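Protein chains: 2
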Amino acid sequence: LAPFSAMAQAVDPLPSWNDGKAKQSIIKFVEDVTREGSPDFVPKEQRIATFDNDGTLWIEQPMYVQMVFAIDRLRELLPMHPEWRDQQPFKAALDGDFKTLLKDGQGSRNLQTIVGVTHAGMTPEEFEQIVKNWLATAKHPRFHRPYTELVYQPMLEVLAYFRANGFKTFIVSGGGIEFVRAFADQTYGVPTDQVIGSSIVTKFERRDGLPRLFRFPDVNFVDDGPGKPVGIEQHVGRRPIAAFGNSDGDLQMLQWTTESGGRRLGVIVHHTDAVREYAYDKDSLVGHLDLALEAAKLDSWTVVDMKTDWKVIFPFEMKGEASPKP
Amino acid sequence: LAPFSAMAQAVDPLPSWNDGKAKQSIIKFVEDVTREGSPDFVPKEQRIATFDNDGTLWIEQPMYVQMVFAIDRLRELLPMHPEWRDQQPFKAALDGDFKTLLKDGQGSRNLQTIVGVTHAGMTPEEFEQIVKNWLATAKHPRFHRPYTELVYQPMLEVLAYFRANGFKTFIVSGGGIEFVRAFADQTYGVPTDQVIGSSIVTKFERRDGLPRLFRFPDVNFVDDGPGKPVGIEQHVGRRPIAAFGNSDGDLQMLQWTTESGGRRLGVIVHHTDAVREYAYDKDSLVGHLDLALEAAKLDSWTVVDMKTDWKVIFPFEMKGEASPKP
Ligand SMILES: [Ca+2]
Ligand SMILES: [Ca+2]
Numbered sequence: 001l002a003p004f005s006a007m008a009q010a011v012d013p014l015p016s017w018n019d020g021k022a023k024q025s026i027i028k029f030v031e032d033v034t035r036e037g038s039p040d041f042v043p044k045e046q047r048i049a050t051f052d053n054d055g056t057l058w059i060e061q062p063m064y065v066q067m068v069f070a071i072d073r074l075r076e077l078l079p080m081h082p083e084w085r086d087q088q089p090f091k092a093a094l095d096g097d098f099k100t101l102l103k104d105g106q107g108s109r110n111l112q113t114i115v116g117v118t119h120a121g122m123t124p125e126e127f128e129q130i131v132k133n134w135l136a137t138a139k140h141p142r143f144h145r146p147y148t149e150l151v152y153q154p155m156l157e158v159l160a161y162f163r164a165n166g167f168k169t170f171i172v173s174g175g176g177i178e179f180v181r182a183f184a185d186q187t188y189g190v191p192t193d194q195v196i197g198s199s200i201v202t203k204f205e206r207r208d209g210l211p212r213l214f215r216f217p218d219v220n221f222v223d224d225g226p227g228k229p230v231g232i233e234q235h236v237g238r239r240p241i242a243a244f245g246n247s248d249g250d251l252q253m254l255q256w257t258t259e260s261g262g263r264r265l266g267v268i269v270h271h272t273d274a275v276r277e278y279a280y281d282k283d284s285l286v287g288h289l290d291l292a293l294e295a296a297k298l299d300s301w302t303v304v305d306m307k308t309d310w311k312v313i314f315p316f317e318m319k320g321e322a323s324p325k326p
Numbered sequence: 001l002a003p004f005s006a007m008a009q010a011v012d013p014l015p016s017w018n019d020g021k022a023k024q025s026i027i028k029f030v031e032d033v034t035r036e037g038s039p040d041f042v043p044k045e046q047r048i049a050t051f052d053n054d055g056t057l058w059i060e061q062p063m064y065v066q067m068v069f070a071i072d073r074l075r076e077l078l079p080m081h082p083e084w085r086d087q088q089p090f091k092a093a094l095d096g097d098f099k100t101l102l103k104d105g106q107g108s109r110n111l112q113t114i115v116g117v118t119h120a121g122m123t124p125e126e127f128e129q130i131v132k133n134w135l136a137t138a139k140h141p142r143f144h145r146p147y148t149e150l151v152y153q154p155m156l157e158v159l160a161y162f163r164a165n166g167f168k169t170f171i172v173s174g175g176g177i178e179f180v181r182a183f184a185d186q187t188y189g190v191p192t193d194q195v196i197g198s199s200i201v202t203k204f205e206r207r208d209g210l211p212r213l214f215r216f217p218d219v220n221f222v223d224d225g226p227g228k229p230v231g232i233e234q235h236v237g238r239r240p241i242a243a244f245g246n247s248d249g250d251l252q253m254l255q256w257t258t259e260s261g262g263r264r265l266g267v268i269v270h271h272t273d274a275v276r277e278y279a280y281d282k283d284s285l286v287g288h289l290d291l292a293l294e295a296a297k298l299d300s301w302t303v304v305d306m307k308t309d310w311k312v313i314f315p316f317e318m319k320g321e322a323s324p325k326p
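Quick mapping for you: the protein sequence lines, in order, are chains A and B.
So for the first sequence, the numbering used here puts the first residue at 1; every next one is plus one.
So for the second sequence, the numbering used here puts the first residue at 1; every next one is plus one.
To be clear, the hints were calculated from the coordinates, so they are not data collected in a lab.
Do not rely on the hints blindly, as some may be mistaken.
Put simply, identical chains are the same to the list, so a pair is met inside one copy or across any two.
[Unchecked claim] No farther apart than 20 Å at their CA atoms in a straight line, the calculated lysine to any residue pairs in the SDA-like style are these: (1) LYS203 x ASN220; (2) LYS44 x THR187; (3) LYS282 x GLN129; (4) LYS307 x HIS288; (5) LYS28 x PHE143; (6) LYS203 x ASP248; (7) LYS44 x GLU125; (8) LYS311 x ASN133.
This one's a predicted model, so the numbers in the text were calculated from it and none came from an experiment.
All chains should be modelled from the sequences, with the hints used to inform the complete structure.
Right, dumping it as structure tokens:
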């Protein structure tokens with residue numbers, strides 16, 4: 001037995017994770033549900049794992065990436081809409097005044113208004129190209145790198161580890177489904193049909209003799225909070241057996257996943273590293289984490305302490321490149 | 001070269017298809033888009049093929065299978081709702097009076113009313129079990145076999161052939177997404193997350209201390225006609241390069257698939273065999289085919305003549321079991 005056991009240890013599926021409760025709980029779960037004859041064995045077609053995106057797979061501070069994209073789009077369109085300079089919520093967005101923008105009770109309506117003028121009025125293919133062009137040039141204000149480089153190396157390893165063990169991995173984002181699809185395949189190895197997210201109304205029409213889809217400014221689906229289980233059912237048609245999130249928007253997804261009998265895994269990524277990334281939870285407007293951290297105790301979810309559990313945060317650290325000071 | 005060519009012919013990917021234009025056009029398409037260096041080569045992640053279900057993958061006469069299921073459910077629930085005996089559209093459904101039920105301009109509202117009382121009021125897991133139980137016992141009135149045996153053998157071969165060539169195969173049904181999911185994996189080898197269909201509203205709630213989803217009678221999405229391209233974009237996030245259908249409900253899906261430049265395949269299954277199955281098109285309420293048959297000429301779609309193109313219709317014929325006379 002010894003040589004096999006040694007071999008298993010030699011191939012560490014999560015090399016960027018420090019040894020500890022979080023890493024152990026993830027590996028133990030995968031081993032339990034994939035070992036033939038195990039009482040917790042789950043057949044392949046039921047191995048569904050869902051991952052929130054912002055703050056779980058990539059950076060979301062100081063502002064959601066898609067929000068930065070939307071504001072850059074506003075600036076680009078501003079010459080045609082000079083009235084936005086004095087009109088809310090555009091003024092707050094253009095001024096980077098996120099407190100006003102995300103004010104309690106108005107945040108989601110404000111975001112919808114901005115999404116309406118920046119994300120609609122084109123085909124899905126055109127929107128995809130706009131997002132790709134932006135991602136190719138935009139840089140994070142602190143790290144001065146493209147956002148697609150600011151993904152979490154330890155979570156890339158989790159995605160690959162789950163897939164290597166027969167899981168289908170789905171992204172379940174509060175962000176826009178077509179926004180995430182523009183980079184999910186290349187960045188996470190998740191194909192477009194395994195991305196779930198919020199959406200605006202899209203309609204079929206013929207224009208200039210050709211069939212096309214066209215994006216309208218009305219909200220079609222909000223894939224956040226109680227919307228996440230609904231979005232998963234719509235797209236996957238099965239309850240996941242593992243779910244990863246980082247904020248209260250993931251509460252119902254993790255509850256629905258784990259409170260269903262059988263061996264389940266719920267994971268909360270807790271941002272605790274102000275030096276290498278950011279430290280925030282219940283006092284943050286972005287990635288607000290409060291109820292879900294309480295629920296983690298009740299439901300025995302794994303809470304990842306980024307500062308102590310992760311050897312590196314971003315892939316570029318693997319090449320010995322240092323993070324800028326906060 | 002000769003031995004290879006002989007070998008390729010020896011392994012016929014579509015053995016239940018008679019040689020002819022339809023079979024040749026399907027094989028030529030797959031070869032063109034998968035051959036490295038071909039001007040029509042399509043990378044794997046873009047190899048998306050979509051298939052209508054009723055009348056394309058399985059039988060839909062004398063009545064859509066899901067409609068038969070709904071009427072059987074009505075009968076089961078009738079003791080609690082004796083008023084349905086004299087109340088439309090329930091009376092027409094219970095009497096099997098499909099002319100009244102599907103009357104022009106009222107068909108879709110009638111179906112929605114019936115779906116509302118037969119498909120809602122339970123969790124998705126409970127509904128799946130109800131459908132599975134029904135499919136295990138219900139038999140087709142003419143063929144006296146379970147509906148899952150009344151799938152088209154030649155189309156099962158097409159599904160397998162496309163998948164063997166790196167395609168992801170999606171079902172895009174006007175029928176209920178959760179109804180089709182209950183048998184798609186076992187019957188077609190299509191996993192639940194690759195089934196797209198119409199849906200009713202589903203909400204997250206906590207009941208008796210546990211999280212669950214619950215099905216409500218309101219329509220959420222109609223995956224038919226212009227809804228099919230929209231449903232595909234929502235679920236897949238890409239335009240298919242091949243699409244199969246059999247009625248006017250597939251018109252926009254086939255147009256959107258094929259009128260987009262590049263090598264594309266559109267296929268219409270035309271029911272022309274009254275002896276082995278049914279013969280119907282523009283005069284049928286079920287599987288109404290008129291505009292899409294016209295469009296097939298304009299857009300050079302492949303029209304399958306079931307009578308001449310298919311050696312067998314159903315898998316049981318492969319075992320030498322005959323069909324009952326019409
Ligand atoms: Ca998040
Ligand atoms: Ca059909």
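Now for the hints, and whether the structure bears them out:
no., hint, verdict
1, LYS203 x ASN220, "both (11 Å within a copy, 15 Å between copies)"
2, LYS44 x THR187, "between (24 Å within a copy, 17 Å between copies)"
3, LYS282 x GLN129, "neither (36 Å within a copy, 41 Å between copies)"
4, LYS307 x HIS288, "within (18 Å within a copy, 62 Å between copies)"
5, LYS28 x PHE143, "neither (34 Å within a copy, 51 Å between copies)"
6, LYS203 x ASP248, "between (32 Å within a copy, 18 Å between copies)"
7, LYS44 x GLU125, "between (33 Å within a copy, 18 Å between copies)"
8, LYS311 x ASN133, "neither (32 Å within a copy, 51 Å between copies)"
In terms of the numbered hints stated before, the structure departs from hints 3, 5 and 8, listed from lowest to highest.
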